[in-house]
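Peer 1: Residue numbers (numbering that gives the first Met the number 0), protein chains in the order written: chain A, 0 to 374; chain B, 0 to 64.
One or more of the hints may lead you astray.
[Claimed, not checked] Heads up, simulated BS3-like pairs for lysine-lysine below, C-alpha to C-alpha not over 30 angstroms straight-line:
(1) A/K362 - B/K50
(2) A/K49 - A/K96
(3) A/K65 - B/K28
By construction, these hints were calculated from the structure, which means they are not laboratory data.
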Amino acid sequence: MANRTDPAAKSIRGTNPQNLVEKILRSKIYQNTYWKEQCFGLTAETLVDKAMELDHLGGTYGGNRKPTPFMCLVMKMLQIQPEKEIVIEFIKNEDYKYVRVLGAFYLRLTGTDVDVYRYLEPLYNDYRKLRRKLADGQFTLTHVDEVIDELLTKDYSCDIALPRVKRRWNLESLGSLEPRRSALEEDFEEEEEKEDNDQPADELEDRAYEKVNPSQNRDRDYDRDYDRDYDRDYERERGRGRDRDRDRDRDRDRERDRDRYRLREEKDYGREREGRERDRRDRDRDRGRRRSRSRSRSRSKDRKDYDGGDYRKRHARSSASPRRHGDGHEDDEPKKKKEKKEKKEKKDDGTDHPDPEIAEANKLRAALGLKPLKV
Amino acid sequence: MIEVVLNDRLGKKVRVKCNDDDTMGDLKKLVAAQTGTREWYPIYKDHITLKDYEIHDGMGQLYYN
Chain A
0 MANRTDPAAK
10 SIRGTNPQNL
20 VEKILRSKIY
30 QNTYWKEQCF
40 GLTAETLVDK
50 AMELDHLGGT
60 YGGNRKPTPF
70 MCLVMKMLQI
80 QPEKEIVIEF
90 IKNEDYKYVR
100 VLGAFYLRLT
110 GTDVDVYRYL
120 EPLYNDYRKL
130 RRKLADGQFT
140 LTHVDEVIDE
150 LLTKDYSCDI
160 ALPRVKRRWN
170 LESLGSLEPR
180 RSALEEDFEE
190 EEEKEDNDQP
200 ADELEDRAYE
210 KVNPSQNRDR
220 DYDRDYDRDY
230 DRDYERERGR
240 GRDRDRDRDR
250 DRDRERDRDR
260 YRLREEKDYG
270 REREGRERDR
280 RDRDRDRGRR
290 RSRSRSRSRS
300 KDRKDYDGGD
310 YRKRHARSSA
320 SPRRHGDGHE
330 DDEPKKKKEK
340 KEKKEKKDDG
350 TDHPDPEIAE
360 ANKLRAALGL
370 KPLKV
Chain B
0 MIEVVLNDRL
10 GKKVRVKCND
20 DDTMGDLKKL
30 VAAQTGTREW
40 YPIYKDHITL
50 KDYEIHDGMG
60 QLYYN
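With the hints as constraints, model all of the structure from the sequences given.
Peer 2: Here it is in structure tokens:
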């Protein structure tokens, strides 16, 4: 009885609102003590009181996938379906951050695309710390704006599959939304102007970042290393300024870079590229070219290793001039020796196995400190 | 080399390649790399090898939560 949706509630996305939470998780919530004791007969008002008592957010944890009270309250909200005004009040309130996040989560699940962006984006300016319970039961530190970013960009949060919302630029091109204005826009516009005037833009930007978040300085080193994998580093980054830049540039540079980058990586389209743009705006073109060059360089290096030095040999043989020939040889010897050594090391690891699956498995095992697979 | 199948009864199935003389601890690490750490049923001791537990290729379906 307590588990049935309010008959007066409307269906969301064509289904019972409680179905937004998948079956297994739903059952786990219904069996949960917090749900049975505290969430019985809650109304919108009493729900606020319960929400004020929250002190962490999270999905399920432990071997049994126990739901957190946060989850139970989300479920309760789906059950009673408070009015939009009430949810917006949850989000607007400044005093209780967990109430805010609860409201934001509920709106993300049930609101229209335009509403989602309109009401959740102001929360990007909230820097407060939050406690999040992980799947293994431990707590970790996060912030309100990080959670909001997760809600707006990811498909899955707190063990609930988030319904699809249209991309922001989609809505902008439809005219339903205006381009995003970041709260730091004025600061960055000043920096931009300065940058356009002077050359040593590096320092300025870095100083700007220092202003926003000193812990991002170490990321500068990542940025300058072209051969590393950008995407991994970017996702690891948790600076707020960085996030904001990303969003800001997502909208700004989208027109400019859409064609250039869409073809390259569809998945990263929304985030990483624009953030990268923001860092080295004026030097982008050069960087872009350099980036691709370095990528092809590394690719050709792999080819070299694979062929066992044939690549270089072929090259040296093909050049006719005697002088070139001599140079080619000299370059060949040390390079061949190095490649042979590399190949030998790889063989011990087993990571150069012809079967790509096995090679991958061996790579993982080597990373964990295990011996390679015995085929 | 054997391939062990692990089932999370919520629909996630993971196939992990390993040696039969790998210990359970190693297997848990390999699984964790793919799906995240969980509790396993039945509860296996970490230092015993798969061979000793008689977990063979393909057949052995282990459950975790």
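Peer 1: Determine for every hint whether it applies to the structure shown.
Peer 2: The hints, checked one at a time:
| no. | hint | in the structure |
| --- | --- | --- |
| 1 | A/K362 - B/K50 | holds (23 angstroms) |
| 2 | A/K49 - A/K96 | holds (13 angstroms) |
| 3 | A/K65 - B/K28 | holds (23 angstroms) |
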